[in-house]
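Novice: Next come the chains, spelled out residue by residue.
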Amino acid sequence: MTSRPGVRGLDRRAFLGLGGAVGAAAAVTACGGPIVTKNGSGTSSTIKPPDFSGVKPASKITFWTDNPGSSQQVTQQIIDKFTARTKIQVELVTAGSNYDQIAQKFQTARVGGGVPDLIVLSDVWWFRYYLQGSIIPLDTALAAAEIDPDDYVPTFFNDYRYDGHQWAVPWARSTPLFYYNKNHWRIAGLPDRAPTTWEEFSEWAPRLQSVTGRTGAQHAFEYTSSVNTPAWVDQSMLWGEGAALSAKDSFTLTIDAPEVVSVFQRIQDNIRVNKWAIMAGSNEANDFSAGAASATWGSTGSSVGIQKTATFEIGVGFLPGGSKVRQPVCPTGGAGLGIAAQSSPAKQLAAARFIAFLTNAENTVTFGEATGYLPVRTKVDTAALRKANPLVGTPLEQLARTRSQDWARVFIPGADTAMTQSITQICNSGADVHKTLSQLQEKVQGLYTRQVEPKIS
Amino acid sequence: MTASILQSPVRPASRRRRVNRSSPAGYVPLILSAAVIVIPLLWMAIGSFKTSDEVVTQRLVLVPSHPSFAAYQTASELVDFPRLFLNSFIVTFVGSLVKIVLAITSAYGLVFVRFPFKRIIFLGILVALMVPSQAALLPNYTFIASLGGVNTYWGIILPGLGTAFGTFLLRQHFLTLPPELLEAAEVDGAGHFTRLTRIVVPVSRPTIATVALVTIVTEWNDYIWPLVITNSQQMMTLPVGLTLLHNTESDPSLYPVMMAGAVLVVLPVLIVFAVLQRQIVAGLTQGAVK
Numbered sequence: 000m001t002s003r004p005g006v007r008g009l010d011r012r013a014f015l016g017l018g019g020a021v022g023a024a025a026a027v028t029a030c031g032g033p034i035v036t037k038n039g040s041g042t043s044s045t046i047k048p049p050d051f052s053g054v055k056p057a058s059k060i061t062f063w064t065d066n067p068g069s070s071q072q073v074t075q076q077i078i079d080k081f082t083a084r085t086k087i088q089v090e091l092v093t094a095g096s097n098y099d100q101i102a103q104k105f106q107t108a109r110v111g112g113g114v115p116d117l118i119v120l121s122d123v124w125w126f127r128y129y130l131q132g133s134i135i136p137l138d139t140a141l142a143a144a145e146i147d148p149d150d151y152v153p154t155f156f157n158d159y160r161y162d163g164h165q166w167a168v169p170w171a172r173s174t175p176l177f178y179y180n181k182n183h184w185r186i187a188g189l190p191d192r193a194p195t196t197w198e199e200f201s202e203w204a205p206r207l208q209s210v211t212g213r214t215g216a217q218h219a220f221e222y223t224s225s226v227n228t229p230a231w232v233d234q235s236m237l238w239g240e241g242a243a244l245s246a247k248d249s250f251t252l253t254i255d256a257p258e259v260v261s262v263f264q265r266i267q268d269n270i271r272v273n274k275w276a277i278m279a280g281s282n283e284a285n286d287f288s289a290g291a292a293s294a295t296w297g298s299t300g301s302s303v304g305i306q307k308t309a310t311f312e313i314g315v316g317f318l319p320g321g322s323k324v325r326q327p328v329c330p331t332g333g334a335g336l337g338i339a340a341q342s343s344p345a346k347q348l349a350a351a352r353f354i355a356f357l358t359n360a361e362n363t364v365t366f367g368e369a370t371g372y373l374p375v376r377t378k379v380d381t382a383a384l385r386k387a388n389p390l391v392g393t394p395l396e397q398l399a400r401t402r403s404q405d406w407a408r409v410f411i412p413g414a415d416t417a418m419t420q421s422i423t424q425i426c427n428s429g430a431d432v433h434k435t436l437s438q439l440q441e442k443v444q445g446l447y448t449r450q451v452e453p454k455i456s
Numbered sequence: 000m001t002a003s004i005l006q007s008p009v010r011p012a013s014r015r016r017r018v019n020r021s022s023p024a025g026y027v028p029l030i031l032s033a034a035v036i037v038i039p040l041l042w043m044a045i046g047s048f049k050t051s052d053e054v055v056t057q058r059l060v061l062v063p064s065h066p067s068f069a070a071y072q073t074a075s076e077l078v079d080f081p082r083l084f085l086n087s088f089i090v091t092f093v094g095s096l097v098k099i100v101l102a103i104t105s106a107y108g109l110v111f112v113r114f115p116f117k118r119i120i121f122l123g124i125l126v127a128l129m130v131p132s133q134a135a136l137l138p139n140y141t142f143i144a145s146l147g148g149v150n151t152y153w154g155i156i157l158p159g160l161g162t163a164f165g166t167f168l169l170r171q172h173f174l175t176l177p178p179e180l181l182e183a184a185e186v187d188g189a190g191h192f193t194r195l196t197r198i199v200v201p202v203s204r205p206t207i208a209t210v211a212l213v214t215i216v217t218e219w220n221d222y223i224w225p226l227v228i229t230n231s232q233q234m235m236t237l238p239v240g241l242t243l244l245h246n247t248e249s250d251p252s253l254y255p256v257m258m259a260g261a262v263l264v265v266l267p268v269l270i271v272f273a274v275l276q277r278q279i280v281a282g283l284t285q286g287a288v289k
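Keeping their order, the protein sequence lines are chains A and B. Position 64 of the first sequence, counting from 1, maps to 63 under numbering that gives the first Met the number 0, and the rest follow consecutively. Position 122 of the second sequence, counting from 1, maps to 121 under numbering that gives the first Met the number 0, and the rest follow consecutively.
Because the hints were derived from the structure by calculation, they are not lab data. All of these numbers come straight from a predicted model, not from anything done at the bench. Idealized CB from N, CA, C, for every residue including glycine. One should not assume that every hint holds.
Pairwise CB distance ranges (calculated) [to be verified]: (1) 79(B) x 377(A): 11 to 21 Å; (2) 59(B) x 268(A): 29 to 39 Å; (3) 99(A) x 80(B): 49 to 59 Å; (4) 257(A) x 72(B): 47 to 57 Å; (5) 310(A) x 80(B): 24 to 34 Å; (6) 89(B) x 248(A): 35 to 45 Å; (7) 110(A) x 233(B): 20 to 30 Å.
In silico contact screen, one side only, chain B against chain A (beta carbon under 7 Å); selected entries [to be verified]: (8) 25; (9) 57; (10) 133; (11) 137; (12) 141.
Use the sequences and the hints to build the structure in full.
Specialist: Written as structure tokens, this is what we have:
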């Protein structure tokens, strides 16, 4: 019974066979990784927005979204109204639970077929689609759908402008806010407002930390967790010190510049030396809602959820300024809508009509009430919005102090992920700040040289 | 791996059990390991009855102060659970059934039928076992999509049907069956089909139940493939449907809702496990042939 083939120990031949099997497995694995490839049309000089003259809108389109801000129900309501008015059906597809999953699915669909007509695009993804030629320039589509670009909030709208064309329309847009726990503020004897500068907060924070016995907090402040793209808000601190990840409107990287190093050194010191801050383990919005952090920063898209959960009074304020720049230091974030290049002109036109409806003055407010996102139009009645979400006044005013994000983060594929890794090392492992940032600079530079430069020159 | 754990304590366990019964110390590891597995599930179930400020809190809330089905209500408003259940059931039932039949027949062929290049074919199956399904995602998608399989049941089921794991496990098990058993049947004039259905399958019930359990759980929980191949909410399976409950922005108020959704997904698997568990034990006691 002992020496049957297959149950005996691994002899030499079997081992070699196994080795071959592993090799074969590796070979099968090698095909089909996610690589950014350019798909035929769409080099910068040859871009031509599609011509919609004589095109009739299709009667049915597909819309892929990850329902940012738990927006499934409100989006469906808006769709129902749209269908009733125009007879155009919109199939709402939840194509993932975050922007990366949507992107992965969109990539597979581009190769295998079944692309949606309309897709949600996050700040760090749309440029990749532009590079791949998988979304159309919207100039003619917007005109055909009678959308007036001037009626959109300029920072939001211009975020999607590149190479003389418009590539997306803002939809679920947000800005970060400074959130604070009013009870903790009271116990620490602080004035009832957000700090105006980080210097001011660095005086307040030790006082908050000294009363944690009474407030029940663990830390005075929590920095963004690694699952929530910390580089997004961290740009704000850089801008306050006159620094940036890349020079304005260019791909010249400045990640290892001395000012950047000193900002991240201060973050690391607040965590490891002063010990009044920490990088959130999983989610700063949770910890803040639970009272474990006296203050944090985060997207306005979280404000509705935080208010539902927190049992204390929440204060919000503008992001604090730096020693060199008081404003604008606030980045904008969130998602916009793009139209797939592989879709037919009739469907593209229908999609553009739907964009016009979804982001019109009335619906952008309805959407904002349900989710906490900001209206993307200028001529809106914000009274209803302020009533539904008492915290929304602050981000609405902060809109005037926003600044478009650094290209290094939003335009270079994979850069944001690399930044998250480096920031996590700096905050959690106490890595040498200068060394980590030099390595990051090198890495992002490599990503640029390989994936962006060949396609834009 | 799970299979070998479930399967191995055939004989030693029955002997050792008597020893353990007399000493309460034997229960300690048992209770500990059960706790490690059960407590998170229990915590999830309790969480689904809490309010969000009882989930996201620094206090330890063991018993919700106002237990309610509100989270379940919200979850079912967001997601069409009956439809998702139906989809998951169809996919899991058909998928597992075909997988198990394929695994049994192919393993039988590999062990009891004489034909050339058997080892090479087996090696090929081992190769398939080593390729993570994620790696085959894109080629599979391209292929299935070109056949028109997006948003269809067969599109979800087909690519997973070749189950190297089941074939491998059953082959190894069939090799341990005493050849005399089959030789006797062959002398009596039994063909391959009779030998398979009347002898090999009945005596291998524990192993087949193990393969079935692992297959059903894998099919039920499969996420990435159904996510990629379905667009329509009408065709989503339960794990994919759960993404509808998740929020891209950090939303602490959604935790009870997500836990309610997870409880609904876990329950059927627990039931299947309870049923098949008995099968495995029954198979162990009556499977002895000599």
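Novice: For each hint given before, does the structure comply? Return the numbers of the non-compliant ones in rising order.
Specialist: Violated: hints 1, 3, 6, 8, 10.
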